[in-house]
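Student: Single-letter residue listing:
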Amino acid sequence: MFVLKLVLKNALRHKLRTFLTILGIAIAVMSFGFLRTIVTAWSYGVEASAANRMITRHSVSFIFPLPYAYRDQIARVPGVNLVSYANWFQGSYKDPADFKNFFPRMAVDPETYFEIYPEFVLPPEQLATFKRERNSCVVGQKIAREHGLKIGDVMTIEGDIYPGRWDFVIRGIYRGKDASADETQMFFHWNYLDERIKELQPTREGFIGWYVLRVQNPAEMSSVARAVDQMYLNSRAGTKTETEKEFQQGFVSMSSAIIRSLEVVSFIIIGIILLVLANTIVMASRERTKEFAVLKTIGFDSIHIIGLIGGESLLIAGIGGLIGLALTFPVAGAFAGMFPTFFPVFKVEVITVLLAATVAALAGVIAALFPTIRTLRTSIAEGLRAIG
Amino acid sequence: MTIPFAYTWRSLWARRLTTALTLGGIALVAFVFASVLMLARGLEQTMIETGSDDNAVVLRKSANSELVSQIERDAANIIKTSPEVAVLPDGKRFASTETYVIINLSKKGSNDMGNISVRGISPEALQLRPQVKLLTGRWFQYGTQEIVLGKNIARQFQNCDIGQEIRFGDASWKIVGYMDGQGTAFDSEIWGDVEQMMPAFGRPIFSSMIFRLVSPDAFEAAKLRIEQDPRTSFAEVKREREFYREQSKMMSDFIRVLGLVVTVIFSIGAMIGAMITMYAAVANRTVEIGTMRALGFNRFSVLSAFLIESILLSLIGGAVGLGMASLMSFVRISTTNFGTFSELAFGFTLAPSIVVTTLIFALIMGVAGGFLPAVRAARLDILAALRSA
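Chains as they are written, first to last, in my numbering: chain P, 1 to 388; chain X, 1 to 389.
The shape of chain X in the complex, shown without the other chains:
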């Protein structure tokens, strides 16, 4: 025979203030726990969506980012002619040779310095990355020193209005438009003509090369051909999506490990809060428990009633925490990504798996906090309990 659920519910309600305080503790822990997972997830999502399975990236071997990679023009031309590289209708190779550097700009408001990625692209690059659309203004003209800014740059940094000029390399670059990368890393980049940027930066070598595969399955063949060819064996070919996933790994691991270690430690605090509440609940209701036992409810029923009370408390706390965390999806943060050493804007992304993990985490807090008090309740002697008033 089980104790009715209404009993559990009403006893939580009877001690509203204590219930609310305990719930608040669990909710705060659940909030931080979920936010950390959402942040790591948001970062990964931003980077993974930046890449596409149809494209491959070529970098120098052992270069972990585009910033330190170098590809000579001759080698780039050899790679372009590989049969696995798709061909555009006009007969050109569907590939973009790019240069990638970072420059410093000051943030609006705080004057903090940010590392901004500047990418010189070939005309084919826009078709290789169809998710990037023009937001306002116009695209830059090839052959001129004009640039287009990702929308996050435009929003967060000083002196980034259309028509203004930014000085870097050997020249002044005129801002002619803003682009929308639809939440990808390109929102935090500046784009211009690669053939203008290379001489301006005094770098006669490309940083990286992106090409469209004739079909996603052609990747293995392309990788084998390019890495085996003695003229291009210095290079390493990666799927674009894989490449961007790697670029976010260091940072998202960092957020996850640090965030979770701290959350788990201070969840012990909240668990203890729940334990105090449940012990008090048992102590206050000794007579009630004795009465229930006298009425015929067995020890197991009493144990489960108290355990359910604590689980209910923690689940509601977990849900409240998740509710607060879901508000975080409106927040976007912009910081230096360790993997690329450049500014990246990303948000908190909620996913079903995070909801489940957070609720399980809250549940564990509830069970851990409620088990010992529930055992004490179940072990009370009927006569002693009834007499204790």
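So that you can see chain P by itself, here it is in the shape it has in the complex:
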């Protein structure tokens, strides 16, 4: 108890220094938390993927389309209970150089798409209108908010993969079932796309981008994948079927070098936390060399000295870490507000909080290590002789 009191008194001895150190640690912990949040946001798709969905794409690369004719054949594969499909449309919406206009635009099967993706919630009457009207589209809540779109508005997109000017009437705005669902997409009728491309470039008629499969039993996934890919092994368009998780993982691993460098930078931040804290603790314990010698003289053990220095270090690191963590949330929120479409889902994960707390605590321990050893090794006589 006495040691605790002394720790507190010691920490408050140089109020400005303690305050600055806490501030420094808070900022560093916050940037650490923010960076880790970016890393987790990058792979959100992997987390969000459902356990019962699989993706069938062209075996060479997903930029190559698959024949629409595969649909019924895949649906007959044992274990598959629903097949949907989608096609990447892209195109440019408003000014293509502005990043906020860059969000997924896909041609989908209106009948099945929202059934196979139950995490996209669309009111039943909106879904019914969407299914009925050929040139209609559905946008995510975030996109609607960002661009001020409402039901009945016309969205004009300049095609690139599919040339021409495309007008879509918004007939639905979907929201995510939970925070991990992507609310930044736009869907429209694949039939509409196919019809128009038939007139323009007849050779491209009847192709879709990829199939989405729902399987009865997740345990059958590998056998379903084998059965589907076996069917098209020797055809013009071979397929690659994988779980949705693996498919998403493929996208994440494309940017693995960037993710790795973000991770490296987050470790450098730990270094900075450590340096700031160590500096303060080293300074404090050097100033108190004489006091520690006095404490030893009147009978305090090594364990008390360890408690004094380590306690102060942990106290400062703890407070700084807590403030830093508390700051991480508004900063991440502000970032998500500024770039709503940059990462479909941007939130501070529990694992990030735990990691940041561990880092702060670890820094507290390591920073105290060196000064504690030095103080313990200093003999009483030497300590009493010390100046300044």
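To be clear, the hints were calculated from the coordinates, so they are not data collected in a lab.
Some hints could be false.
Unchecked claim - Covered, in the sense of this in silico footprint (three residues per stretch, anywhere, with C-beta under 8 Å from a C-beta of chain X), are these stretches of chain P:
{"no.": "1", "segment": "23-31"}
{"no.": "2", "segment": "158-169"}
{"no.": "3", "segment": "248-260"}
A virtual CB, placed ideally from N, CA and C, is assigned to each residue, including glycine.
Go by the hints and put chain X onto chain P.
Tutor: This is chain X only, laid out in the frame that chain P set:
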């Protein structure tokens, strides 16, 4: 009267451990700051050098990359006959009609999937891009299903030895050589015969077209002619260098913005570190400061002595950080470029402007961290300071 520089230097040395810790903090921030700039720069350099001012690229309007662009054969033939297109000695037009797709290959070691650009070229393409040289093996034969790999592909992906075959499109393609694009984006591409690739991919249309201008000044005239001609008005003509610059913009902006935002935030941490050090320095030397003032140094001299100490600390830290960052020039990374959606290898490139920016950044950290403590030192009362021991 100014306080001698030696005083500043010695007082830094007197508190070696604290000095080293503060310096380390500043050095780490400077290191990250410089590395981010070097990475963005390296990416731009790789892409810009890929293009040449003598060449022009034709794409479909509103197609931001070759991947989504389409040019019909008839239109390509019309463009080829424009008078601004240079003519080769044998009378052929100095132009290459190309097809561009991406395929997936697995990386060595990690099994991560990479998007590899595959480019079908016309025979004229090699002369249009003289920087691309054969490294080993031989060039592919036109009319056969053979391919040549950029050296980065050969180094980083599985099953890419000469003599092996890669399956894509409708065929198996035999690897017959490696090419060296001298640090350009072509190092990360696979090249083959366009007339073999188009049918194999089931695409009867070209993706893009590159031609040599009769002179770099002829660009405006060529652009006007092609974009005004009703038969080719779907197209857009760009200078090759400009085109590749655009292809790197999204990614380099991303690296810069994200990197700098994060660095600036955590530089505040390092600045606070410097401030703590300087406050401690002032507190420890109260008597010294009183003595100097008594000797006749005025407040301004004391202020500048402490400010110089902090600036010195930050500049050395900045230099150490730059030194560490310059070691990064030996590192090359390979990742998906957002602009082209394909794998691109690039390095960290140091430039004089980055050195200057980093040192200025370090200087700002030093001034910001050292100013308040220096003011406190300057405001100390002589008598109180002398008595404080």
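Student: All the hints need checking, so say for each whether the structure fits it.
Tutor: Checked hints:
| no. | hint | verdict |
| --- | --- | --- |
| 1 | 23-31 | holds (count 7) |
| 2 | 158-169 | holds (count 5) |
| 3 | 248-260 | holds (count 7) |
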